[in-house]
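Colleague: Residue-level listing of the chains:
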Amino acid sequence: MRTPLSAAVAIIVGLLILAGYFFPFGPLLSLKNTLIQWAMILAGFALLVGVVNLIKVHWIKIRKRSPGSIYSLILIISLAVTIVVAGYFGPVASSSLWIFNNVQVPVETSLLALLSVLLIYVVVRLLRRRPDSISILFIATVFLVLLGTAPLFFIGEVRVLTVIRNFIVQVPAVAGARGILLGVALGAIATGIRILTGADRPYGG
Amino acid sequence: MNLNNLFGFIFVLVCFGLVIYFGVAARNRQARAWREIPAFGKLRRAVGLAVEAGTRLHISIGRGAINSPQGASGLAGTVLLERLARAASIGDRPPIATSGDGSLGILSQDTLRSAYRVMGVENQYDPNSGRVAGLTPFSFTAGTMPIIRDEQVSISVLAGNFGSEAVLMTDAAERSGSPTIGGTDNLSGQAVLYAAADETLIGEEVFAGGAYLGAGPMHEASLTMQDFVRALIVLLMIIASALNLIGIDIIK
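Heads up: the sequence lines are chains A and B, in that order. Residue 1 is where the first sequence starts when you use our numbering, and the numbers rise one by one after that. Residue 1 is where the second sequence starts when you use our numbering, and the numbers rise one by one after that.
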């Protein structure tokens, strides 16, 4: 489906859903709910397409014997085993949950642990890459908040650090976060308006 | 009718009207000079270098599904992807787009194809250049890291919804000697990218890519609208605070 039909469908559906949000009664509400249900079904299919894309890319890597293709093979085998087990026994069966609890959770937890170490390394690297006053302020804030968040070894809670931490978290951090979120919200509205006017057509139009 | 809904409707209507007004006004005058955002300057230079050196651009549009509140940042990422794919389409190696959601994966493929079609090189389009790297935050990150490391990527652009796990991607990029430009709508992700990426897009800058990379008058108009409405909101907040100080609470 190419321009202008795809653009027309996207714009009309977008406007109807927007109208359904602001005027949630009568046929507009039921139309909005129906369209959202259709979108959920399409998102499910998109997920399936995503999995197929993932398999295809890794299959090509295995065929070409690209560097690290052994990991692609492991990915495809793991995916096949998970699909068979969860498809046959159901997603909440003990065998499916065993895979989730003993494979996915430990792997993701390990990555999370790696992340915490990496964050410290990144903070040190920041000083090397951008040694300016803003970086020093950033790092000082990070350390003050960290020190004030948990009790220190052998010392316990340091009252003054907790007070400083609470001030940073409740006043400047909230003010900054609200400013950033305001910008993000306006950006999201602007993106929505561009799509509703057909100026942006990420659907190949 | 709910008063909040009415205010929301009027707000969106005002924003819509302002975009149209600034869009029409932009056609009748010279292009506006925007403030310098170092990330976009670096991006323009990196595209030129990638084309000359025969290396690849990697653009990740995150994992904000389009049917979720984070979808807007993913859509903003597709705008960047489209502009960069156009600029890099004359290179030897096509750009790679990664995402962490099925719908974004389809959109990235469609965006790449449409960019190649516009540039008249649709035969060079490779459907595998738009990839779904994983479907959970960490699997998406783990799937993206080898792409940055193994596929001769000269610069990585992260524009979309990323959490703090994005630091693993910036680390992979640093180890392979390529810089990263990162922007996200996620607050913790932004803090991490500020420290880890070579250039960061803060807040609404993620949504400004189209205007800065010449995507057309509507992008410039929407950015002008953002600036105008933000100034208006700040003014209203100051007035409300001042009134509150003298005992008048207009929020009630």
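What the hints contain is simulated information worked out from the structure, not anything from laboratory work. Mixed in with the good hints there might be a few duds.
Stated by the list, open to error - With the Cβ distance kept under 10 angstroms, some of the chain A side facing chain B (calculated, not the full set):
hint	residue
1	12
2	16
3	19
4	101
5	132
6	136
7	195
To be verified - Residues of chain A placed beyond 12 angstroms of chain B at every Cβ, according to the derived structure:
hint	residue
8	9
9	31
10	50
11	163
We put the beta carbon where it would ideally sit given N, CA and C, even for glycine.
Colleague: Which hint numbers doesn't this structure obey?
Modeller: Result: hints 1, 2, 4, 5, 6, 10 break, sorted rising.
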